[in-house]
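So the protein sequences, as listed, match chains S and A. Here my numbering is used: the first residue of the first sequence is 68, the next is one more, and so on. Here my numbering is used: the first residue of the second sequence is 169, the next is one more, and so on.
Hints listed in this document are in silico derivations from the structure and should not be mistaken for laboratory results. Built from N, CA and C at the ideal position, the CB exists for glycine as well. Treat the hints with care, since some could be wrong.
Claimed, not checked - Far from chain S by the CB rule (all over 12 angstroms, computed), these chain A residues:
#1 P172
#2 N178
#3 D188
#4 S208
#5 S272
#6 E301
#7 H304
#8 P317
#9 S332
#10 P341
#11 L345
#12 D380
#13 E390
#14 L393
Unchecked claim - These stretches of chain S come out as covered by chain A in the derived footprint (C-beta under 8 angstroms, 3 or more residues):
#15 245-259
#16 446-453
Listed here are the chains, written in short residue letters.
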Amino acid sequence: MSLDLTKEKGVAIDAQEDFTWRDMVREPISKLNDDAFTRLRIILMNGIEMEANRFQHAFARMNDPMRAELAKVRRIETHQQVLVNWLLPADQSPLETTIAYEQVAIEVTASLALLEPDPYIAQVLRFGLLEDFDHLYRYSALMDRLEGKDANAILQSYTDVLPGRPTVVEHRYPTDDLREHYDRTTAAPITKLVSLTIMSGEQQTQNYYQNIGPLFADPVARLLYAEIAHIEEQHVTQYEAIIDPNETWMEKWLLHECTEVWNYLACMEQESNARLKAIWERMVAYELGHLNHVMDLFRRVENRDPFEIIPTSLPERIKYMSHRDYVRQVLKNEVHLRSVGTQFVPVNQVPPDSPSIAYNRQINSDGSPSQTVAAGYVYTPGSELVKKAA
Amino acid sequence: MKEPTDIGMNRTGIGTSPIDSKELIEAAEGTVPSSEGDESGIASLRMSYASESGIVGTMPPPSSVKGAVKSVLEGLAAKNPAVFLDKLAERLQFERTGTRMYESVLAKLDALGSYDGGPTRETLQEFHDEELEHFHVLRSALESMGADPTALTPSADIAAVEASGLIQVLNDPRTTLPQTLHALLVAELTDSEGWDMLIELATSLGHEAMADDFRDAMRAEEKHLAHVRQWVANHAMQDAEGRLGQAA
Chain S
68 MSLDLTKEKG VAIDAQEDFT WRDMVREPIS KLNDDAFTRL RIILMNGIEM
118 EANRFQHAFA RMNDPMRAEL AKVRRIETHQ QVLVNWLLPA DQSPLETTIA
168 YEQVAIEVTA SLALLEPDPY IAQVLRFGLL EDFDHLYRYS ALMDRLEGKD
218 ANAILQSYTD VLPGRPTVVE HRYPTDDLRE HYDRTTAAPI TKLVSLTIMS
268 GEQQTQNYYQ NIGPLFADPV ARLLYAEIAH IEEQHVTQYE AIIDPNETWM
318 EKWLLHECTE VWNYLACMEQ ESNARLKAIW ERMVAYELGH LNHVMDLFRR
368 VENRDPFEII PTSLPERIKY MSHRDYVRQV LKNEVHLRSV GTQFVPVNQV
418 PPDSPSIAYN RQINSDGSPS QTVAAGYVYT PGSELVKKAA
Chain A
169 MKEPTDIGMN RTGIGTSPID SKELIEAAEG TVPSSEGDES GIASLRMSYA
219 SESGIVGTMP PPSSVKGAVK SVLEGLAAKN PAVFLDKLAE RLQFERTGTR
269 MYESVLAKLD ALGSYDGGPT RETLQEFHDE ELEHFHVLRS ALESMGADPT
319 ALTPSADIAA VEASGLIQVL NDPRTTLPQT LHALLVAELT DSEGWDMLIE
369 LATSLGHEAM ADDFRDAMRA EEKHLAHVRQ WVANHAMQDA EGRLGQAA
């Protein structure tokens, strides 16, 4: 489906104040019967809406004249986030939701890396992908060993449960998480949409782990969430860094709204649950309304054509599918990479005075939760207990 | 080490602060609610959502030709053979989690020791091994019927939600061994009921060999229940009578 952004107006923002509590709080999906990618779309779109909200707050704090416009749009984004995130069911435990978050981080990141035309940005995505891939393995071990549950009930066999770049080596000195940013004047539009999408996804993952970590009684779980939330902070640093900080606030707002349209459209086009498809369709129309509203503001504030910043038609969408072969290939070719400043090098080329070496040694000096939780762990359908004789 | 039943600085009761609580109570007594009515509004909302909502999920299709044939044959004896598979899967989920629960209690015992009339490591290990054995029995039962033992069926899913609070109690480093045993008692009570129903279902569906296996499991579970119940009671009595001695 191609959308001509010069013509599609969507729903005007004044007509979007039609939410009620019952409208926002609907029947959730079925953890057992719905396709795993339906769950993944809900999770990613919650992250996209969360970022829309946080960005617009930051914008408002630093730009007095825009506060009223931001307040109006932001309120609608908040209602959208509730409508989307409340589609997750309550029988999906925090740990099961965590497994799904990591599946998002693997399958969506793989799709974004394949879509990304800039080789350096694609490399950044693959680097993060292998780390989240390892997190899935660690959390799956925790789920099996703490609760006696099989992570594949959530993953539905779309995603492998294997070690990636070991979490224990992922802890780096902060400046080794910085990356080069794209150039706002020359980057392809899809690069900007990809970058905002991955940054939003990782940011909500960090927020989620930071909030739910203390809900667990088990010290191993509390430690593991602390450890992996730490990596997610590194990932937010990494993905934030690839976005050009020289973009104006209005450019960034335009790109945020465009990213929302692009993502909701991908959901709408690929959704298998008819009830959700209708929600995604409504959200596309609302986001087109936001985009048009912000385009008008952009013309007024910056006296420029918004299509200098955003494309007139939306590029190829995220593919909600298993990327098993691609992920295995990346794992095989790139698991040995480490970052030195903004560059990636094989582990044997990391200089001995790298600040990340000392940093990693310190933070793991009284043990590594991610190593402990998965010691000797090999994923087995139905739990590793299957292989243990009574 | 302090016992939870020692007198300390628990601040949760209204009587902790007589001056502030008087203010609190007086202000509350003067409240004019912003809406009329009572709890029935909450019930109405729950009823409304319940009548409009679907269910948590359904059973998977048979995972093999054998399973499909079995389903047809079972259909001759019962109108809905999937009920038995759902209950088998529920028990399987519970036994698998139960195995992990005993691992948690073993760690607790290793850290804190036991008490007179409390569990020994050997007994807890024996019960752990029996939970694991029951998990295998149920896997075999499901496989023999052509079902996928890894499928999370609706009853298995709900059982896992029910057990989630128990897992929290068992793994909290601040809970004592008797507190974790109380959580285990809840689990064993449920388990005992679950096996009882499985035996009835297996018998009524003509799975005599399976019912025999389940009776063996039931006997073990009854033993678990009796022991855990006694351990919990022993501790409460000794604590009440001031007889809590050194770790056994």
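Task: Hint numbers contradicted by this structure - done: 5, 6, 7, 8, 9, 10 and 15
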